[in-house]
Amino acid sequence: MSIITTKNLSKEYSSKSFSKEKILALNNFSFEVESGEIFGILGPNGAGKTTLIKILLGITHRTKGEVKIFDNEINTEAYKMKVGYLPENHKFPNYLNGEQVMEFYGKMSGMSSADVGKKTNDLLKLVDMEKWRKTKIKKYSKGMLQRLGLAQAMINDPELIFLDEPTDGVDPIGRKEIRDILENLKDRGKTIFLNSHLLSEVELICDRVAIMHKGSLVKSGRVDEITHISDNYIINCSDVSEVIMNRLMMNFKATILSINEFHFKTDNIDELNRLIDFMRQNNILIRGIQREKNTLENMFINLIGSQN
Amino acid sequence: MIFLTLVLSTFREAVAKKIFLGFFAISTLVILIFLFLINVESVEGMVDMMGAAGDEGIRKLVIGFEVAMIDISYLLIITFCLISVSSFIPSMLEKGNIDLLLSKPISRTNIILAKFTGGVMLVFFSLVYLIGFVWIILSSKSGFWHFPFLYTILWLTLSFAIIYSLIIFIGLVSQSTILSILVSFFLVFIVCPILYVREATIFSLVENNVVQFIINFFYYILPKPNDINKITTDIITGEEVNSYMPVFSSILFMLAVLSASVFYFKKKDY
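In the order they appear, the protein sequences are chains F and B. If you're matching positions, the first sequence starts at 7 in this note's numbering and goes up one per residue. If you're matching positions, the second sequence starts at 30 in this note's numbering and goes up one per residue.
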């Protein structure tokens with residue numbers, strides 16, 4: 007079942023106040039997010055990712071197109087009862103302490119005081135912020151604010167959570183903990199919409215991703231499909247002579263990187279074995295053969311590079 | 030519930046920014062000065078003298094104090110409250126804060142109304158403290174319990190609400206605390222007093238009908254805090270109020286500006 011559906015979603019901004027010149031932040035953007043998945047949105051700066059999230063949350067108005075969340079048009083505020091949000095560079099009122107932030111945003115989500123109190127205890131424990139609950143947030147570090155922001159986004163036990171750069175400013179251990187929290191949420195059937203610059207992180211936790219560039223959808227699909235294993239083998243070996251190098255290039259179409267490393271591309275395992283036989287016959291010591299994996303980062307760089 | 034949470038958060042912000050404390054301190058200072066004044070020998074002598082003239086003498090003295098108090102309170106409201114609440118909207122609109130607020134299940138109309146209600150209630154309670162204490166001191170000292178003086182709380186709150194609606198609008202459009210303060214001060218201290226005395230002063234100097242029409246036009250469309258102040262004084266002194274038009278037109282101004290604020294806020298992308 008689709009939790010989010012957009013059809014031909016477009017957003018135009020005026021480049022300056024009172025200017026007729028328009029900037030297209032979203033261009034006929036259509037996609038779907040399924041219930042219970044972690045969906046990642048990727049793209050370079052200015053691709054329209056945050057604009058997309060803001061339209062889905064009613065913070066920014068769309069110019070045209072359709073948006074459905076929980077199978078309903080987003081004309082009223084009711085759907086926001088089931089939504090959590092952690093904005094990029096969020097700013098909580100700095101006169102509040104951690105507990106008061108949770109209380110305020112919990113009540114703003116329509117929760118009762120009793121429910122907020124109970125949820126606050128659980129969530130502050132979950133994000134490891136319990137001992138700082140009475141400390142004013144102006145004394146918090148960036149990482150602590152992110153943890154609190156994540157807890158705030160979960161206060162109303164939302165079915166759909168939008169996270170805009172949730173690990174920004176968080177140390178590697180904290181990032182791992184946040185990933186674990188997101189996995190845990192997914193196991194509980196929550197849908198997570200994630201915008202992160204950390205592609206390795208997205209690759210680790212997202213089920214599906216959409217790649218945006220200049221307001222348009224460039225590619226979308228399952229992470230394992232996008233980062234499929236390629237037919238390229240990286241071979242490390244003992245030093246090879248120039249003659250052998252030439253034969254590798256001529257007979258096997260290998261790409262020589264150095265005197266002890268080359269790439270060999272084939273989708274036929276017999277071909278690979280023929281290459282290995284050739285190397286062994288010429289007394290070349292094989293140190294390692296590794297099938298190259300197309301990481302999300304590689305794929306992203308290639309894709310965006312080809313679009314520019 | 031959500032609306033009330035936002036109203037209370039305005040209070041919390043006022044407490045955190047020491048606005049409430051500031052008003053409490055200034056009000057307390059005014060009350061203490063007042064307490065000191067009515068206990069000094071010369072004033073006590075005046076009270077005794079007026080008392081000798083009977084209830085009417087005491088009544089006149091008490092009302093005289095009350096009228097002075099209205100002017101002091103009006104100045105306090107304008108100078109202190111307007112400065113204090115001018116930051117409410119720009120701070121709400123700060124990036125990262127407004128995004129979160131708009132992601133919650135509350136309409137943009139209710140956000141504006143909650144901020145307006147919060148600010149107005151803040152001033153109302155502050156005035157209850159200031160006017161209420163002055164009234165108790167004055168009444169217990171004179172033995173004349175003049176209840177109409179308490180209406181001042183409502184009239185001054187109304188004056189504040191009218192100007193505050195404009196501050197909200199300017200805050201939304203400009204996102205600037207300084208500009209909100211400047212415009213409201215310019216309106217309250219320069220434009221409104223000039224328009225208030227237009228017939229007595231300007232029209233005797235400028236006889237051109239077109240200019241007079243333009244000045245009258247601005248008088249009728251802009252808020253009239255000075256007229257409301259005069260009406261409040263008339264009510265307390267027991268004089269007949271000539272016209273309540275300034276009150277109604279000022280309320281209309283407030284409603285129009287609040288509607289414009291809601292319209293602008295609903296259309297705006299954040």
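Hints in this document: simulated from the structure, not taken from any laboratory. Yeah, the Cβ is synthetic: ideal placement off N, Cα and C, and Gly gets one too. Careful: at least some of the hints might be erroneous.
No farther apart than 20 Å at their CA atoms in a straight line, the calculated lysine to aspartate or glutamate pairs in the EDC-like style are these [stated by the list, open to error]:
1. B/296 with F/27
2. F/182 with F/209
3. F/131 with F/121
4. B/297 with F/213
5. F/88 with F/189
6. B/46 with F/105
7. F/148 with B/298
8. F/131 with F/213
9. F/220 with F/83
10. F/97 with B/123
11. F/220 with F/237
12. F/124 with F/105
13. F/131 with F/109
14. B/296 with F/83
15. B/295 with F/109
16. B/296 with F/72
17. F/271 with F/237
18. F/22 with B/298
19. F/144 with B/123
20. F/131 with F/177
21. F/70 with B/298
22. B/124 with F/174
23. B/297 with F/18
24. B/296 with F/237
25. F/182 with F/303
26. B/296 with F/18
Using C-beta positions, here's what the derived DEER-type ranges look like [stated by the list, open to error]:
27. B/269 with F/24: 23 to 29 Å
28. F/228 with B/44: 28 to 34 Å
29. F/193 with B/47: 44 to 50 Å
30. B/177 with F/118: 38 to 44 Å
31. F/194 with B/293: 38 to 44 Å
32. F/206 with B/47: 42 to 48 Å
33. B/123 with F/300: 40 to 46 Å
34. B/208 with F/36: 37 to 43 Å
35. B/295 with F/34: 22 to 28 Å
36. F/222 with B/32: 38 to 44 Å
37. F/203 with B/32: 45 to 51 Å
38. B/295 with F/193: 38 to 44 Å
39. F/101 with B/61: 25 to 31 Å
40. B/157 with F/194: 46 to 52 Å
Each hint tested on the structure:
A distance of roughly 19 Å separates the Cα atoms of residue 296 of chain B and residue 27 of chain F; the hinted pair therefore holds under the 20 Å criterion. Between residue 182 of chain F and residue 209 of chain F the alpha-carbon distance is near 13 Å, which keeps this suggested pair within the 20 Å criterion. The hinted pair formed by residue 131 of chain F and residue 121 of chain F meets the criterion: a straight-line CA distance of about 16 Å does not exceed 20 Å. The straight-line distance between the Cα atoms of residue 297 of chain B and residue 213 of chain F is roughly 34 Å, outside the 20 Å bound, and the hint therefore fails.
Restraint check for residue 88 of chain F and residue 189 of chain F: satisfied, since their Cα atoms lie roughly 19 Å apart, inside the 20 Å limit. Taking the CA atoms of residue 46 of chain B and residue 105 of chain F, the gap is near 19 Å; set against the 20 Å cutoff, the hint holds. Of the supplied pair hints, the one linking residue 148 of chain F and residue 298 of chain B is violated, its CA atoms being roughly 27 Å apart against a limit of 20 Å. With a C-alpha separation of about 27 Å, the suggested pair residue 131 of chain F and residue 213 of chain F falls outside the 20 Å cut-off, and the hint is violated.
At most 20 Å may separate the alpha-carbon atoms for a hinted pair to count; residue 220 of chain F and residue 83 of chain F exceed this at roughly 29 Å. The suggested pairing of residue 97 of chain F with residue 123 of chain B holds, with an alpha-carbon distance near 8 Å, which does not exceed 20 Å. Proposed proximity of residue 220 of chain F and residue 237 of chain F is contradicted: the alpha carbons are some 31 Å apart, above 20 Å. Our distance criterion of 20 Å between C-alpha atoms is met by residue 124 of chain F and residue 105 of chain F, whose separation comes to about 11 Å.
With a C-alpha separation of about 15 Å, the suggested pair residue 131 of chain F and residue 109 of chain F falls inside the 20 Å cut-off, and the hint holds. Simply put, residue 296 of chain B and residue 83 of chain F have alpha-carbon atoms about 15 Å apart, close enough for the 20 Å limit, and the pair holds. Proximity of residue 295 of chain B to residue 109 of chain F is assessed by CA-CA distance (about 26 Å); at most 20 Å being required, the pair is judged violated. Distance hint between residue 296 of chain B and residue 72 of chain F is fulfilled; the C-alpha atoms sit about 18 Å from each other, no more than 20 Å.
Restraint check for residue 271 of chain F and residue 237 of chain F: satisfied, since their Cα atoms lie roughly 6 Å apart, inside the 20 Å limit. At most 20 Å may separate the alpha-carbon atoms for a hinted pair to count; residue 22 of chain F and residue 298 of chain B meet this at roughly 14 Å. Restraint check: the Cα-Cα separation between residue 144 of chain F and residue 123 of chain B comes to about 16 Å, which is no more than 20 Å; the hinted pair holds. Using a Cα cut-off of 20 Å, the hinted pair residue 131 of chain F and residue 177 of chain F holds, with the two alpha carbons roughly 18 Å apart.
Among the hinted pairs, residue 70 of chain F with residue 298 of chain B is consistent with the structure: their alpha-carbon atoms are about 14 Å apart, no more than 20 Å. Restraint check for residue 124 of chain B and residue 174 of chain F: satisfied, since their Cα atoms lie roughly 16 Å apart, inside the 20 Å limit. Distance restraint check for residue 297 of chain B and residue 18 of chain F: the Cα-Cα separation of roughly 13 Å lies within the 20 Å cut-off, and the hinted pair is therefore satisfied. A distance of roughly 52 Å separates the Cα atoms of residue 296 of chain B and residue 237 of chain F; the hinted pair therefore is violated under the 20 Å criterion.
Distance restraint check for residue 182 of chain F and residue 303 of chain F: the Cα-Cα separation of roughly 19 Å lies within the 20 Å cut-off, and the hinted pair is therefore satisfied. Annotation: proposed proximity of residue 296 of chain B to residue 18 of chain F holds, straight-line Cα distance about 14 Å (limit 20 Å). At about 51 Å, the CB distance of residue 269 of chain B to residue 24 of chain F disagrees with the hint of 23 to 29 Å. Restraint check, residue 228 of chain F to residue 44 of chain B: a C-beta distance of roughly 51 Å breaks the suggested window 28 to 34 Å.
Distance hint for residue 193 of chain F and residue 47 of chain B: a CB-CB separation of about 46 Å, consistent with the stated range 44 to 50 Å. Against the hinted window of 38 to 44 Å, the Cβ-Cβ separation of residue 177 of chain B and residue 118 of chain F comes to about 42 Å, which satisfies the hint. Our hint of 38 to 44 Å for residue 194 of chain F and residue 293 of chain B holds, since their Cβ atoms are close to 41 Å apart. For residue 206 of chain F and residue 47 of chain B, the Cβ-Cβ distance of about 46 Å falls inside the hinted range of 42 to 48 Å, so the restraint holds.
The hint said 40 to 46 Å for the Cβ distance between residue 123 of chain B and residue 300 of chain F, and at roughly 42 Å that hint holds. Roughly 42 Å separates the CB atoms of residue 208 of chain B and residue 36 of chain F, a value that falls within the hinted 37 to 43 Å. Between residue 295 of chain B and residue 34 of chain F the Cβ separation comes to about 25 Å, which falls inside the hinted range of 22 to 28 Å. Judged by the Cβ atoms, the range 38 to 44 Å given for residue 222 of chain F and residue 32 of chain B holds: they are separated by roughly 40 Å.
In this structure, residue 203 of chain F and residue 32 of chain B break the distance hint of 45 to 51 Å, their C-beta atoms being roughly 37 Å apart. Checking the proposed 38 to 44 Å range against residue 295 of chain B and residue 193 of chain F shows it holds: the Cβ atoms sit about 39 Å from each other. One distance hint, 25 to 31 Å for the beta-carbon pair residue 101 of chain F and residue 61 of chain B, holds here, with the actual separation near 29 Å. For the pair residue 157 of chain B and residue 194 of chain F, the supplied restraint of 46 to 52 Å holds, since their beta-carbon distance comes to about 49 Å.
Consistency with the previously given hints fails for numbers 4, 7, 8, 9, 11, 15, 24, 27, 28, 37, ordered from lowest to highest.
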